[in-house]
Every structure is written in C-alpha cells, then in structure tokens.
Amino acid sequence: MIRRLALAIALLMPGAALAETFSAAEREAIREHGPWPQAALSDPTNRFSGDPGAIAFGERLFFERSLSAEGDVACAQCHRPDMAFTDGRKTARGTADGARNTLSLWNVGQMRWFGWGGASDTLWGASVRPLALMAEMGAPPEGLRARLRQNAALWHDYRAIVGQAAEDADGSAVTATVGKLLAAYQETLISPRTAFDRFRAALLGDDPAGVAAYPATAKRGLKLFIGKGNCNLCHAGPLFATDGFESVGMPHFIGPGAVDKGRYGDLLTFRASAMKASGPHSDAPGPMLTDQARLQHKDFGAFRVPSLRQAALTAPYMHNGALPTLEAVIRHYSDLDMERLHADGAAILRPLHLSKSEIADLVAFLETLSAAP
Amino acid sequence: MNGRRRIGASAVLLACGLSLPAAASEVCARLPEAKDVLSGGGYELSYRTEPEAIRLNAPFALLLAVCGPEGPFAGRIDIDADMPAHRHGMNYQPTFDQLGGGRYRAAILALHMRGDWRFRFTLHGADGPVRLDAPFRP
Ligand SMILES: [Cu+2]
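Keeping their order, the protein sequence lines are chains A and B.
Note that our numbering has the first sequence beginning at 5, numbered continuously upward.
Note that our numbering has the second sequence beginning at 40, numbered continuously upward.
No lab work stands behind these hints: they were computed from the structure.
Which residues of chain A face chain B? A partial, calculated answer using Cβ under 8 Å: (1) A240; (2) G241; (3) D247; (4) Q296; (5) A297; (6) I352.
Calculated from the model, a selection of chain A residues having no Cβ within reach of chain B, i.e. all distances over 12 Å: (7) P56; (8) I59; (9) D91; (10) T95; (11) A177; (12) A199; (13) P255; (14) I258; (15) A319; (16) I363; (17) A364.
Restraint ranges, calculated between C-beta atoms of paired labels, are given here: (18) D119(B) - W159(A): 51 to 61 Å; (19) A28(A) - D121(B): 23 to 33 Å; (20) G128(B) - A288(A): 27 to 37 Å; (21) E89(B) - V263(A): 37 to 47 Å; (22) E72(B) - R64(A): 47 to 57 Å; (23) Q132(B) - I194(A): 31 to 41 Å; (24) I258(A) - D166(B): 44 to 54 Å; (25) A124(B) - R31(A): 16 to 26 Å; (26) G128(B) - D174(A): 37 to 47 Å; (27) E89(B) - L208(A): 22 to 32 Å; (28) D172(A) - P123(B): 48 to 58 Å; (29) D121(B) - H160(A): 48 to 58 Å; (30) P123(B) - F67(A): 44 to 54 Å; (31) D119(B) - R354(A): 20 to 30 Å.
Note that the Cβ used here is the ideal one computed from N, Cα and C, for glycine as well.
Using the sequences and the hints given, assemble the complete structure.
Below, the structure is given as structure tokens:
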C-alpha cells in the first residue's frame with residue numbers, strides 16, 4: 005500500500021520520475037552489482053573450510069585473548085562484531101600503535117588478496133598475521149603452541165578437531181592451523197541483503213512498486229556512481245570492489261620520513277610468506293594465480309579497492325582512516341588533488357566537482373549498500 | 040573473486056609442447072572458431088579465449104594459432120594486455136606454453152576492470168619483432 009503510494013507520488017513529480025528511468029546501459033551496469041548474496045565459496049587450501057566444528061571453534065578463538073603474547077588482545081577487540089567487525093578508530097591499536105585502519109571482516113571469504121596491501125592470499129594466512137605483529141597481537145609464532153597448551157580446556161577442544169596432528173605439529177604448523185580455524189569462522193560472515201539488492205531485483209524483474217520503493221536520492225546517487233563518477237570501474241561487481249590496488253590520491257606518509265608503501269611493500273611481504281596458498285602449509289599447494297602478481301611501479305602507495313558493502317557501518321575510511329565520514333570520502337573524490345595522483349597511475353580519476361546535492365545523493369546511495377545483520 | 044584456484048597443468052603442457060621448429064611444408068591452420076584474426080608483417084594470428092565468455096577478475100586462457108610465410112610460427116611470442124584509455128596493464132604476469140604447429144596457449148590472464156582492453160602480441164621472428172594488437176572487451 006505504502007509502496008503504491010510512493011509510486012503514485014513518484015509519477016506525479018517530474019523530477020522524481022526522471023530518476024525512475026534507467027537506460028539499457030545503466031540496467032546492465034546495475035545488473036553487474038549482484039546477485040547478493042553470492043554462492044558460498046569453500047577454500048581448497050583450508051581443510052577446515054565449511055566444517056561446522058571448526059567454524060564454532062574458530063569463533064571461540066576469535067574472542068580468545070590467550071592467543072596474544074601478553075594474553076590481553078583478542079581479534080574481536082579490533083574486529084568488533086557490534087561495529088561491523090571494525091573498531092571505529094582511525095588506525096588500530098593492539099600491543100602497539102598501528103598505521104592502518106582496521107578492515108571489516110564482512111564478506112572476507114570472497115577476497116583474493118587480504119589486507120590493504122594484499123600481504124596474504126589466504127584468509128588463514130591473513131588471520132595469523134596479526135598474531136605476530138606488535139601493532140596487533142604481538143605474539144611470535146613459536147609461543148602460540150605453548151600458550152594454547154597452557155589453556156587446558158582450549159587445548160582439549162583444539163585436539164578434538166585437529167586430531168593427532170596437534171601433538172606432532174611444530175610451531176608454525178600450529179600457527180597455520182589456528183589461522184585455518186579462525187578462517188573457517190570468518191568465511192561465514194556474509195553481509196545481509198540491502199535496500200540496493202532489493203531495488204536491483206525489482207529493476208531487473210520489472211517490478212515497478214519495488215523500484216519505486218528505493219529512494220529517489222539513492223537512485224540519483226547510483227546514476228552518478230555508474231555514470232560520471234566512474235566509481236564502478238574500481239568498485240565493481242557484487243562486492244563493489246575489484247581485485248586490484250589503486251592510488252586515489254590519499255597521502256601515505258606515516259611519520260617523519262616514513263611512508264606506507266602499500267601494495268608495493270605488501271606484495272614483497274606476500275612473496276616471502278610461508279602462509280600462502282602455494283606454500284608448505286596449504287592444503288592444496290600448487291601454482292596459483294596470486295604467485296603471478298606483477299610488482300609494478302604504480303603499486304607504490306596503492307591500496308586495495310575496498311568493498312563498499314557495509315561501508316556505511318565502518319567509519320572512518322581509507323587505509324589510514326583519515327576520512328571520518330562517507331561524505332568526506334565523496335568530497336575527497338570531488339576535489340581530487342591531481343598532483344597527488346601517480347603520474348603513471350590509472351588515468352581514471354579526475355576531480356568530479358560535485359554539487360552539494362550530488363554529494364548527498366552519492367552518500368544516500370552508498371548507505372543503501374549496508375544493512376544491520 | 041576467490042583466487043585460491045590452481046592454475047592447472049601448464050607446466051605439463053610446456054613439457055610436451057617443446058616442439059621442434061616447424062617444417063616449412065607443414066600446413067598452417069587458422070584456429071577454428073577464432074574470436075579474431077590479425078595480420079601484419081607476413082603473419083596471420085588467430086585467437087580465441089577459454090572459456091569463451093570472460094568474467095572480470097577470473098583467470099582464463101588465450102589460445103593462439105600463428106602462421107608465417109613459411110608455415111606455422113615457432114618463435115617466441117610476448118603477450119600483454121592493457122587499457123589504453125586508462126594507461127594501465129594487467130596485474131598478473133601470464134604464463135606461456137608453446138604447443139607446436141604454430142599453436143600457443145597463454146594462461147591465467149585476469150582482467151580486473153570493465154571497459155576497453157587491448158591484447159598485444161609481439162612475434163619474435165627471424166626478421167625482428169612484429170607487433171599485432173587486438174582490441175578486446177570482456
Ligand atoms: Cu582500466
């Protein structure tokens with residue numbers, strides 16, 4: 005009834021009616037952002053992927069402080085389930101201060117590269133990285149096995165899932181296994197359908213009432229997103245992300261004389277890592293696409309294109325948390341400082357010079373990509 | 040977008056693809072169901088993708104058949120892809136197998152952006168390199 009009323013109003017208001025129509029090209033661009041949710045993926049490099057016992061135990065580990073060196077930090081402290089698996093801070097603080105913004109874990113099972121610079125190509129590898137980093141949990145990998153054993157209840161249940169291998173494994177194998185159990189849990193974090201998904205289904209299914217139910221301001225924002233904004237070149241597909249690393253003109257200084265090298269540094273870290281899909285701890289070792297990643301000059305100061313699903317819930321924004329709101333992000337793109345962009349970077353971005361109402365429309369659209377679970 | 044995928048048996052293919060230089064008398068055939076046929080510098084290059092429809096960010100392969108004036112081409116080929124309007128290339132280095140009889144297979148290319156791409160093939164023949172470009176839209 006309310007929907008019908010909305011449709012009637014939309015038809016009466018010429019400005020709004022214009023926003024109701026989408027060209028064939030626009031429909032095609034919108035189609036590419038779904039369906040949602042995507043079919044669940046299982047990770048062949050993780051033998052615990054999809055295993056209900058491992059998922060439940062991994063969730064327990066996620067809240068477990070005894071994984072950290074000082075027994076004081078748990079994953080859930082930075083990846084807070086009540087805050088879309090982030091911490092609301094500019095940059096993370098664990099055992100020490102970090103330089104990067106905490107990434108949300110929504111839909112993390114669908115990524116190819118993990119972290120802002122893609123230092124890992126497996127979710128389990130990304131899940132044990134924080135254990136060793138001082139800025140996160142400060143625990144050298146050798147200590148993890150000893151700390152697990154000290155906790156009798158935890159070790160008992162760990163053994164029940166991992167089996168005899170738990171006893172035989174050395175420190176780094178235990179670390180990999182802990183990562184895999186944590187990963188099994190995180191793979192289940194799939195974000196809910198949102199107002200955008202319902203609109204997309206209505207548009208493609210010729211359901212005028214469903215189309216009308218989507219706010220006119222979000223429709224205008226969507227048209228900017230797939231039109232003059234060029235946003236969907238990078239924020240593409242059902243995740244509104246792409247398998248690439250770009251520089252969008254964010255500064256990457258992290259202190260006097262220090263820079264975050266972004267993709268450049270993290271690809272080198274990845275190559276040296278043992279916790280990768282083609283590495284010794286993988287359950288499906290073999291040549292991988294990720295091993296073919298090119299180290300490029302433009303990777304210096306480039307960061308992963310983040311997914312925009314649930315982004316309305318994960319302020320502040322960007323790899324360094326420098327932008328406090330979605331509006332600030334849009335303003336950043338609107339007033340883009342071309343001097344800051346790599347000369348050899350992608351020639352896609354240019355200042356958009358958006359009006360106040362266009363900025364509000366884009367924000368309204370981005371908000372429809374998020375929903376409370 | 041899941042990348043924990045094996046890149047397949049390319050090493051094996053490479054091992055059996057170490058063919059002898061093609062004899063001049065060999066007939067050189069265009070690839071059946073080629074997506075495009077390019078020619079230049081006395082060469083004809085036909086190619087198709089595997090699978091035929093390519094998804095963004097998903098690995099795929101390029102199958103090539105290259106014929107020179109003397110029959111099947113047997114030299115080195117460099118392959119790359121870029122988006123000229125955006126001034127960027129691919130994020131992954133393709134692997135390359137020579138299958139013999141003028142046939143080549145480039146594996147695990149993945150294109151990360153919608154829009155206009157261009158495949159660039161450089162044939163290293165006896166008379167120096169020849170470049171053939173093919174516009175391509177995934
Ligand atoms: Cu591009």
